[in-house]
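Put chain B on the given structure of chain A with help from the hints.
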Amino acid sequence: MAKMHVKMTVNGKAVEALAEPRTLLIHFLREELNLTGPHIGCDTSHCGACTVDLDGKSVKSCTLFVGQANGAEITTIEGIANADGSLHVLQEMFREHHGLQCGFCTPGMIVRARRLLAENPDPTEAEVRFGISGNLCRCTGYQNIVKAILAAAATLNAEKEAAQ
Amino acid sequence: MNDQTPTATERAEKLQGLGCARKRVEDARFTQGKGNYVDDIKMPGMLFGDFVRSPYAHARVISVDKEAALALPGVVAVLTAADLEPLNLHWMPTLAGDKQMVLAVGKVLFQGQEVAFVVAEDRYIAADAVELVEVEYEELPVVVDPFKALDPDAPVLREDIADQKEGAHGPRRHPNHIFTWEQGDEAATNAVLAGADVVAEAMIQYHRCHPCPLETCGCVASMDKINGKLTVWGTFQAPHAVRTIASLISGIAEHNIRIVSPDIGGGFGNKVGVYPGYICSIVASIVTGVPVKWVEDRIENLTATAFARDYWMQGKIAATRDGKITALWCHTTADHGGFDACADPTKFPAGFMNICTGSYDIPVAWLSVDGVYTNKAPGGVAYRCSFRVTEASYFIERMIDILAIKLDMDPVELRLKNFIRADQFPYHSALGWEYDSGDYHTAMEKVLKAVDYDGLRREQAERLAAFKRGETRKLMGIGVSHFTEIVGAGPVKNCDILGLGMFDSCAIRIHPTGSVTARLGTISQGQGHATTFAQILASEIGIPADSITVEEGDTDTAPYGLGTYGSRSTPVAGAAAAMAGRKIRAKAQMIAAWMLEVHDDDLEWDVDRFAVKGAPERFKTMTEIAFAAYNQAVPGLEPGLEAVSYYDPPNMTYPFGAYVSVLDIDVDTGEVEIRRFYALDDCGTRINPMIIEGQVHGGLTEAVAIVLGQEIAYDEDGNVTTGTLMDFFLPTAVEAPHYETDHTTTPSPHHPIGAKGVGESPNVGGVSCLSNAVNDAFRAFGHVHAQMPHDHWRIWKIAEGLGLHG
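Residue numbers (this note's numbering), protein chains in the order written: chain A, 282 to 445; chain B, 555 to 1360.
If we strip away everything but chain A, and leave its shape as in the complex, we get:
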């Protein structure tokens, strides 16, 4: 099958490749770029394990052709640590509050939570629950995920306040 030329920025790095137009973004990320953090858990855009950040929005990368991401700026779980190499506060809080078990949903969940906190820095518990309802978890029952996200929000807000 004829291949198309795609260019995008992934985790801050410029990426250029040839790909079949029908290639799903998730397969491009996982197989071409070896970014195996985002996972595949369903065929119907329900589970959210493949969630990445694309031009400031959470998207399910199993539902986009790679061509639709042409020119986009993409962030995956591999790209969310702080510039100094320390973990993002969400990564810390998921561990601190036992917000993960098998880890399969975790990359999508954390990437989604990061965008949620950018959209709504001080969410209520109900807003967090609604905000992550596109991401399924089979292990945790969500309670500790919600706790971790709320704790991360509190930490980020405290940091912001301290900086002002």
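These are computed hints drawn from the structure, not numbers from a lab. A portion of the hints provided could be inaccurate.
Label pairs and their in silico Cβ distance ranges [unchecked claim]:
#, chain 1, residue 1, chain 2, residue 2, range
1, B, Arg1229, A, Gln445, 35 to 45 Å
2, A, Phe411, B, Val841, 44 to 54 Å
3, A, Ala298, B, Leu641, 35 to 45 Å
4, B, Ala1015, A, Ser367, 54 to 64 Å
5, B, Gly573, A, Ala443, 27 to 37 Å
6, A, Ala443, B, Arg1229, 37 to 47 Å
7, A, Ser367, B, Lys596, 22 to 32 Å
8, A, Asn401, B, Leu626, 43 to 53 Å
9, A, Phe411, B, Arg1023, 25 to 35 Å
10, A, Phe411, B, Thr1299, 30 to 40 Å
11, A, Ala399, B, Glu1227, 22 to 32 Å
12, B, Gly1360, A, Phe411, 30 to 40 Å
13, B, Arg1229, A, Asp403, 18 to 28 Å
14, B, Pro1193, A, Ala399, 55 to 65 Å
Note that beta-carbon positions come from the ideal geometry of N, C-alpha and C, so glycine has one too.
Frame of chain A, contents of chain B only:
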């Protein structure tokens, strides 16, 4: 020196041993996207396999035409049963002593059954080629109703064994009959039922559902033809058992097979079985000489890999007029699908369904189970429960509530009246188990107090009155359950799978500088074994958990064990860890005695060291002892500090718990809001409270799913109508309620550290608790029992049937 020595308490805290809410060591890689799941494995030249599956539930396969598929560039091979037959791999043994077609042999028995295996250079080409394989079918009459399966004129499903009068579990009386399993005293039970003051009867269905781990099943098989070694990385909950079975059926010597379970994205029982995808990938790798990957998609996972439950339980329960239970009778019809691939210990074809007397002192009982074939997917795995324990627990907990209605009693009062008392343990149940320990009254009463049960009932009565006055359209339901699990399979004397004894193991290597590598026969799928097993060892050998690496899942390095399912890791492998630790300590004591120039008996263990009795300032720490073990010639002792324990438990463990849930049900929409869920679990000694709480939250949410809508449903033609996450209910964070957790601690008397296992308790107790609450909401209107799942439509139908819609 004494002034600088930390106190015993400080030293114990540093170990992060038993009882510590230690943060998980697994999380660093998972939170950074650095887990290593099977689909992350990439090897040079690797090919991809994909299945051609049957669109029909029952059909003859007339022909399979591979030509067009093989002509597609990038397609390497298309395998059918005819290709597997010369290797005698067209059929494979199931875990239940039956056999299953690897690829369709002349016919198909369920929708989604594997017909041909396409191998191609990438997964897209493989998917294209699947569409190009032309299969001609001739449809046959379909059997989806397990009761009709045994009709005299029912279509014969398994023609391969139609005339076989003896199955793996005794005589067969019909071509679609698999086994009948009977336990207890039928005559005595019937006699009590005949003369009883009160008998409550019901048909309790536990519908077909599916473990649906977020990661589907898959593998990468790699046959190295140069050295003759087969390596298979895959989603295996029991890697050692897979290796033995692979050796037996392939003829490859066991030492030349390496099975590796990498990180597993949830299992919940779904990854216990052996699936055609594994066999086909292995064959394809042998044929092509390169690694072959197969990873199923979600539709394949839901429609073709192991389901759970699908039990129809007819029950009778007898009692005196004042509520003392006198007998229990149960006849179960078990729908096993097209092949009997049920994952149960060999001697228990209906698992531990005979734990169905539950938490109650029932003097006499009878259980019979008929397993039947239907045109549905094979399976019958323990979905987040020990073998058939949720079915058993759901049955008795519904029967108790139904009996309470008949006696016009509160369901809690009836439970308290019939609980096995703490002084009756070890308790011998009427259906043959020896319950090791328990204190049910204490647990139940603690929960009742915590939720103000009487207050809840008053509120419910007020709500009912308001409903009748037309002031609200919402009813309140209160669900109570008290479950007794039976986990930790199990004693080799009565528990094996395909002849493999269900012990487990731990091998410990203390390195000279005092850090540790420990390997176990189990495999974590999210339970956090690397964290908790290190805690068990830390307490046993006095080395900080942070200095202990736990490895599992690689049959080349880990000691033999039967894997992780049925809450057996802590009861069996956890015990092996403690026992191996004690062997280490025994040798360490001899080394310390030599170092301190005292007799062994003059030493006592003190958290992380051996100290001279009466002279605590004279001691050797485990770190010092480890170095000496390797580097000093201790008379009479071999160098080194290693131990291995293969632990065969003397009995199962019996975790229990008391749960209460409170629901609001909108009678006009059928919507359910879980207002409160209070879960008290007693899993014996608690290793890591944080992980226990996480396990409880997760298990309860799987219960929420099962009760409120999750179902593998078939239409009358055998089409799966819930084959994607569009239709198959998994709760999101919005549907999942907030849980309150609590515990009591009744240690197991026979487990080395008193632990019992917890991963599955919340699902076992949660399902009956929530279903009881839904049914309870309608009790005041004469409602007795409705079958699960209690989705909006079915709840609306209850209300409609009771005339609540005016």
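Problem - Unmet hints by their number, sorted upward, for this structure - result: none
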